[in-house]
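So the protein lines, in turn, are chains A and B. Going by our numbering, the first sequence wraps up at 115, each residue one higher than the last. Going by our numbering, the second sequence wraps up at 226, each residue one higher than the last.
By construction, these hints were calculated from the structure, which means they are not laboratory data. Just so you know, not all the hints are guaranteed correct.
To be verified - Calculated pairs, DSSO-like style, for lysine-lysine (alpha carbon to alpha carbon, straight line, at most 27 Å):
#	chain 1	residue 1	chain 2	residue 2
1	A	Lys-67	A	Lys-52
2	A	Lys-67	B	Lys-141
3	B	Lys-141	A	Lys-44
4	B	Lys-141	A	Lys-52
5	B	Lys-213	B	Lys-185
Predicted model only: the values in this text are computed from it and were never measured.
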Amino acid sequence: DTAVSQTPKYLVTQMGNDKSIKCEQNLGHDTMYWYKQDSKKFLKIMFSYNNKELIINETVPNRFSPKSPDKAHLNLHINSLELGDSAVYFCASSHSLLQGRNGYTFGSGTRLTVV
Amino acid sequence: SQQGEEDPQALSIQEGENATMNCSYKTSINNLQWYRQNSGRGLVHLILIRSNEREKHSGRLRVTLDTSKKSSSLLITASRAADTASYFCATDKDSSYKLIFGSGTRLLVRP
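All chains should be built: construct the whole structure from the sequences, respecting the hints.
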């Protein structure tokens, strides 16, 4: 059983399109995150949600809009895609905000390629 | 700027040898964690060391933490080909609820 699942695994799209990445966790965790990993493997936090409430918005362009319909889901919608958005996007979860200090459970990533 | 930086960026060793990776960070922390990322996969939590601990063991893993130098090391003993992966350290700033990752060390264990 997959603990944190992301779909799709691969996404190839043209510049200017709008796309969404979905994330679901079945761990009963309260807190979920989106991270972006660039071509040099740097992992940078984008957003975190706790019980559907936005906690961290790390100066991400407003073309990126997270949506959390319930605490088990955190989706990422990206408008007007640009070449620089090409990266691997990881969803993660933790028991709580505070328990996040003890570690995250990551999904397997979505490789987004903008052409 | 990145909170953690791993050193070396890449490491190639023979199976059976030990692998040592280092991580430096910039601000005071609560915990430091190490993660493994296999190619094309997500990160997997390996081990956590708290700021008041100096050394921790888990199987073939040994982690040390020196808060005065703001550095940590991860030692993998008796390495196996299956240990081939990227290894990342992650820290939480003292008052922050987010984990900040380093750029990783790519470990290749040759059979």
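The hints, checked one at a time:
1. A:Lys-67 / A:Lys-52: holds, 8 Å
2. A:Lys-67 / B:Lys-141: Violated, because 32 Å separates the two Cα atoms, which is more than 27 Å.
3. B:Lys-141 / A:Lys-44: Distance of about 16 Å is within 27 Å: holds.
4. B:Lys-141 / A:Lys-52: Judged against 27 Å, a Cα distance of about 31 Å means the pair is violated.
5. B:Lys-213 / B:Lys-185: Holds. Lys-213 (chain B) to Lys-185 (chain B) sits at ~18 Å (cutoff 27 Å).
Against the hints set out earlier in the document, violations occur for numbers 2, 4.
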